[in-house]
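Undergrad: Residues per chain are reported as follows:
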Amino acid sequence: MQKSLKMDPNKCTGCLQCEMACAFEHHRTFTISRSRIKVFSFEAEGRKVPYTCTQCDEAWCLHACPVEAIVLDPKTGAKKVLEDLCVGCKVCTIACPFGTVNYVAATGKVQKCDLCDGGEPACAGACPTGAITYVDADWTGLDRMRQWAGKTDNNPAAV
Amino acid sequence: MTWTKKILRVNLTAGTCQAEPLNLEWARQYLGQRGLATKYLVEETDPKVLPLAEGNKLIFATGPLTGTSASTGGRYSVVTKGPLTGAIACSNSGGYFGAEMKFAGYDMIIFEGKSEKPVYLLLENDDARLLDAAHLWGRTCWDTEELIKHTHQDPQLRVASIGRAGENGVLFAGIVNDLHRAAGRSGVGAVMGSKNLKAVAIRGTRTDAYAPADPEGFFKAVAAAKAVLAGNGVTGQGLPTYGTQVLMNVINEVGALPTRNHRDIQFEGAHAISGEAMHAPRDTDGKPNLINRNACFACTIGCGRISKMDTSHFSVKDKPTYHGASGGVEYEAAWALGAACGVSDLEALTYANFLCNEDGFDPITLGTTIGAAMELYELGLLKKEEVGLELTWGSAEALVKLSEMTAQGVGFGKIIGLGSRVLCSTYGRPDLSMSVKGQEFPAYDGRGLQGMALEYATSNRGACHVRGYMVSPEVLGIPVKMDPGATEGKAPMLKAFQDLTAVVDSAGICLFTTFAWGGPDIQSMIQPALGGDYSLENLMLLGERVWNLERTFNLAAGLTGKDDTLPPRLLTEPAKTGPMKGRVAELGKMLPEYYQVRGWTPEGVPTPETVARLGL
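Protein sequences, first through last, are from chains V and C.
Just so we're aligned: 128 in numbering that gives the first Met the number 0 is position 129 of the first sequence, and the numbers increase by one with no gaps anywhere.
Just so we're aligned: 121 in numbering that gives the first Met the number 0 is position 122 of the second sequence, and the numbers increase by one with no gaps anywhere.
Chain V extracted, bound-state conformation (with noise of 0.2 angstroms):
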C-alpha cells in the first residue's frame, strides 16, 4: 500500500521538530535550512502551516530535468534526486509548481523530499501534534470526511 504524508496546519503550532528531524535524517544536522519539509508562519493570522513535496504522479520535476537524476521509487511513489547524476541546473526547481525541489548552494545539487526511503518518515515521527501524518495514499481525506460525516443529522435520537 502506498502511503502519503498528510498536513493538517490547524495542529501544526510551528515547533520545527520536523524540520530538524528532517536535517537530521539527511545529513545529521539539526540545521533546519538544510530540511526538506518546511513550517510557514502566517503572523497576522496566526498560523503556521508545514509544506513539502506532495509527490506529484506526474512530477514535473522529474519530466523537467534534463540528466534523468530525478526518479520514482516505485515502492513509495517518491521522487527522489540522484545526488550522483544531478548538475545542479535547477529546472526542476523551475518546474515545480509548489516551489518544494530546492537548489543547496553548499553542494550544488537539489533536494527534495524522498519520504525518508519509506518506513515512517521522520518528520511525521518527530510531530508532537499530529500535524504531520503518515497515512494510506487512498485515504487521504479520511479524517475530515468522517468529521463531516459525523454532522449529518440523520439520526432520529438526535432530533
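To be clear, the hints were calculated from the coordinates, so they are not data collected in a lab.
The structure displayed is predicted, hence computed values, not measured ones.
Among the hints, a few may not be true.
[As the list claims (entries may be wrong)] SDA-like mimics (lysine to any residue), calculated; alpha carbons at most 20 angstroms apart, straight line:
#, chain 1, residue 1, chain 2, residue 2
1, C, K316, V, A43
2, C, K148, V, S40
3, C, K286, V, K37
4, V, K37, C, K316
5, C, K318, V, F39
[To be verified] Just the calculated beta-carbon pair ranges, DEER-fashion:
#, chain 1, residue 1, chain 2, residue 2, range
6, C, T559, V, S40, 39 to 49 angstroms
7, C, K219, V, Q1, 25 to 35 angstroms
8, C, G323, V, Q1, 39 to 49 angstroms
9, V, P65, C, K219, 56 to 66 angstroms
10, V, D152, C, G323, 33 to 43 angstroms
11, C, Q407, V, S40, 26 to 36 angstroms
12, V, N9, C, G14, 45 to 55 angstroms
Note that CB positions come from ideal geometry on N, CA and C, so glycine has one too.
Please build the complex by placing chain C on the supplied structure of chain V, with the hints as guidance.
TA: Only chain C this time, still in chain V's reference frame:
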C-alpha cells in the same frame, strides 16, 4: 558535543566583530546560557559599574541543548548588570532566535562598549557586520524586524531587537525576538538601548557547527523525554489548552492572587481575565479572544497564546495595526495588567500586552507600577493634573493610556517607565512599591504561598517566579505537596529548586518542562549531548555553583543580606480574604535556615568552605 565552541565578541565602541574560542573549562563548569554568560560577565566586568554605562556588558548566550531537538531546546539568555535592580540580570527567551545563533556557529555573543550611533548586528555564519540603524531608531520591534528582513531580502533572518522602550531608557525594557517572544524582565533592553544597539539579526546555515557526542543515545533520551511531557497533565494538557493562564482561577482560589497593588489576595474579576475566558466567545462580536496556540523552537508543549482582539474595542477601534493576530496574554501579564490594577477587561489587557511586545517592555513591571500609581492616586498623593487622566482602580482606559505613554516615552509614561521603586519614592511612599531589590513581584502573593515569599526575597535578580518556582510543590503538588501556609521545610526545598532551575536555564531549555521533568530526565539528555561526566549530582552542584556565582556578583556590586527582604505590606498587613486570610509572609522564620542550607553566614555571605566546595 553540542557546544559550537565559538563566541563572537562585538566591540561597539571600536565597531569590531571578532570570533574567539569558547573557554571550554568554564563551559564544563557552568554548562552554558545563564551559567556560562554569568561566568563571563563576572570575569570581565567591574560589579560596581553603572548598568547603563559603557563599561557594562551585554551577553547573549545559548545552552548546549539550544538548537537541538530536545523539547523546548530553543532558549537563549541575556545576561548583564540590570538597571532596574543594580543586581545581576539574566532574562531568557524562546522563539527561534537562540537556535539560529547556534546554526550560525556561536554559543554566545558578547557586546561591549557603546556605539556612537545606532547600529544593528547582522550575523550570517562567519560574516558579522555592524550596520547603520539610523532608519530603525524610533521604530517598534515589529517594524524593525520587518524592515531588516526587507532590507536584506531574507525572510528567514531571525531578529532580536529593542523597541522605543529600550531606546527611551525604560528601566524594564526587554529584548523582543520573533515578534512576541521576549527576554522580558530586569531591563536588559535598556542596557541594549544604552549601547545604541538596536537589533541583532541572524541567519545560520552551518551544518558542521555541533552534533551530539552520542547521537543515538541523544535521540533515545529526547524521544523518552518528549513522551514524559506529552503524558503529563500540566505539560500535556493544561499548558497546551490554556497556556500559563491555566493558573488564574487556580491561584485565585488558593488565595494567592495579589490584587490592587497587593492590598488583597483574591480578585473578584479573576474569571473574566482567565484562560477559560480567553476561550469563550465574546459578548461583543461572538468570537473568542484566543485563536491559536504557538510553540517556540523544538517545543512540544506549545503554551504560547495567539490572540485576536475585538476590533470594535475602544483601545483598537481606530488602530488597524492591532486587528491581526498576535501574542496574547499569559498568566503573569494578565495578572499584572489585570488583577494588580483591578482591571477585568480582557481586551484591554490584550492590547496592553501587544504594546509590550511591540515596543519591548515587561508587562509584569508595567502592570505592577500602574497598580502602585493607582494606589498613590487613591491616597491623594498623585493628582489628576500630574498624570493627565484619572487613575481609579480598575480603569481599563487608564491602563491603556498609560501603557501607550510608557511605550512612547511621553508625559507621565516617563515616570512609569522607571518602575515602581522610583515612582513610589518620588511620591514619598517607597513602601508601596511591591518589589524586591527594585524588581516587581510576579503573580503570586507571598502571604498565601510562604515558599514563594522566601523565593522572592532571595532571588538574585529581584522578585521573580522563575528562579525556583515554589508554586510547584505549594499549589500543584510537584514533586510533593507542601502546605502553602507552612514555613517548615521550605528553605531546603527552595534551595533544590533554585539549583535545578539554574541547571535548566543553563542547559537551553524551558523551565515549564519541570512540571513534568525531574532532574534525571534533564540529565538523560545533557549526558549524550555533551559526553563527559554529567551525573545528576554533578549537575545539581553546577546549579549551586551558578547560584552562588550570581550571589557573589551581587555582593560585590554592593547588595547585602539586608536586601533579601519583602515590602512591609507583605510582612505586616495580614491577608484580608480567602483561605489565607490573616496570614503575613513569615520571612523571618525561613531566611536564617535558608542561609544555613546554602552554606552562607548569618549575613548571607557564602562561607569560605562553600566557595571552596563549589570551586568558585
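Undergrad: Decide, hint by hint, whether the structure agrees.
TA: These are the hints, each one checked on the structure:
no. : hint                                 : result
1   : C/K316 to V/A43                      : holds, 17 angstroms
2   : C/K148 to V/S40                      : holds, 14 angstroms
3   : C/K286 to V/K37                      : violated, 30 angstroms
4   : V/K37 to C/K316                      : violated, 36 angstroms
5   : C/K318 to V/F39                      : violated, 26 angstroms
6   : C/T559 to V/S40: 39 to 49 angstroms  : holds, 47 angstroms
7   : C/K219 to V/Q1: 25 to 35 angstroms   : holds, 30 angstroms
8   : C/G323 to V/Q1: 39 to 49 angstroms   : holds, 40 angstroms
9   : V/P65 to C/K219: 56 to 66 angstroms  : violated, 44 angstroms
10  : V/D152 to C/G323: 33 to 43 angstroms : holds, 36 angstroms
11  : C/Q407 to V/S40: 26 to 36 angstroms  : holds, 28 angstroms
12  : V/N9 to C/G14: 45 to 55 angstroms    : holds, 48 angstroms
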